[in-house]
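Chemist: Make a model of the complete structure from these sequences and hints.
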Amino acid sequence: TEVGPRESLPARLEAPTPGSTGPRAGPTPSRRVLAQVPIGEPVRMDIPRINVHSRVMALMPKDGEYQVPSFDVGYHADSARMGEVGNAIFNGHLETIDAGKVFARLHELVPGDAIYVYTDTHRFDWVVQEVRTVPNTDRSFLLPTTDTRITLYTCAGHFDPRTRDYTHRRVVVGKLVQVSPRA
Numbered sequence: 634t635e636v637g638p639r640e641s642l643p644a645r646l647e648a649p650t651p652g653s654t655g656p657r658a659g660p661t662p663s664r665r666v667l668a669q670v671p672i673g674e675p676v677r678m679d680i681p682r683i684n685v686h687s688r689v690m691a692l693m694p695k696d697g698e699y700q701v702p703s704f705d706v707g708y709h710a711d712s713a714r715m716g717e718v719g720n721a722i723f724n725g726h727l728e729t730i731d732a733g734k735v736f737a738r739l740h741e742l743v744p745g746d747a748i749y750v751y752t753d754t755h756r757f758d759w760v761v762q763e764v765r766t767v768p769n770t771d772r773s774f775l776l777p778t779t780d781t782r783i784t785l786y787t788c789a790g791h792f793d794p795r796t797r798d799y800t801h802r803r804v805v806v807g808k809l810v811q812v813s814p815r816a
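The numbering of the sequence shown is the working numbering, which starts it at 634 and goes up by one.
Note that these hints are calculated values from the structure, not bench results.
A couple of the hints might just be wrong.
[Claimed, not checked] Subject to a maximum C-alpha distance of 35 Å in a straight line, what follows is the list of computed DSBU-like cross-link-like pairs (lysine-lysine):
id: 1; residue 1: K808; residue 2: K695
id: 2; residue 1: K808; residue 2: K734
id: 3; residue 1: K734; residue 2: K695
[To be verified] If you anchor each label on the Cβ, the simulated ranges turn out as follows:
id: 4; residue 1: G745; residue 2: S641; range: 17 to 27 Å
id: 5; residue 1: T754; residue 2: F792; range: 33 to 43 Å
id: 6; residue 1: F792; residue 2: P814; range: 41 to 51 Å
id: 7; residue 1: T796; residue 2: E741; range: 18 to 28 Å
Given the structure is predicted, the values throughout are model-derived calculations rather than measurements.
A virtual CB, placed ideally from N, CA and C, is assigned to each residue, including glycine.
Modeler: As structure tokens, this is what we get:
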């Protein structure tokens with residue numbers, strides 16, 4: 634679902650130089666937070682290369698599973714928030730009859746492509762580092778991390794009518810390269 638006016642943003646970003654750690658982080662009593670970056674809940678995502686311009690809906694697991702919202706990008710609300718060190722996790726539909734297909738083109742992303750995530754106050758610019766396909770039984774990409782990353786995923790492979798699920802997941806991992814106040 635498209636949301637609000639769009640900025641003219643590049644579809645590709647420069648990856649951090651080898652040895653650079655990106656935004657500096659410092660410890661806090663609960664989670665480590667990126668230095669001088671306000672923590673915020675994601676409200677919108679733009680991925681220019683694959684024409685994603687969507688609201689973000691916060692999700693909590695239900696019966697051990699995260700539902701995928703119709704038409705919007707889903708955010709695992711118990712994963713890292715924008716401005717926190719850790720794994721910020723997002724999902725979206727590949728294809729459905731009546732619930733949209735916000736991540737239908739996720740397979741087209743390549744390292745260097747840009748992902749923009751907005752909070753109420755800031756824009757977080759991420760650069761794709763890795764795109765891979767894993768079996769649907771591999772959930773390792775959902776684990777917390779000690780680095781600052783974004784993980785997007787959707788279904789991949791073939792739909793199995795017996796399990797009512799796809800055989801694989803497409804996983805995209807990105808690194809934070811810049812944080813800017815929203816105009």
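Chemist: Which of the listed hints are not met by the structure?
Modeler: none
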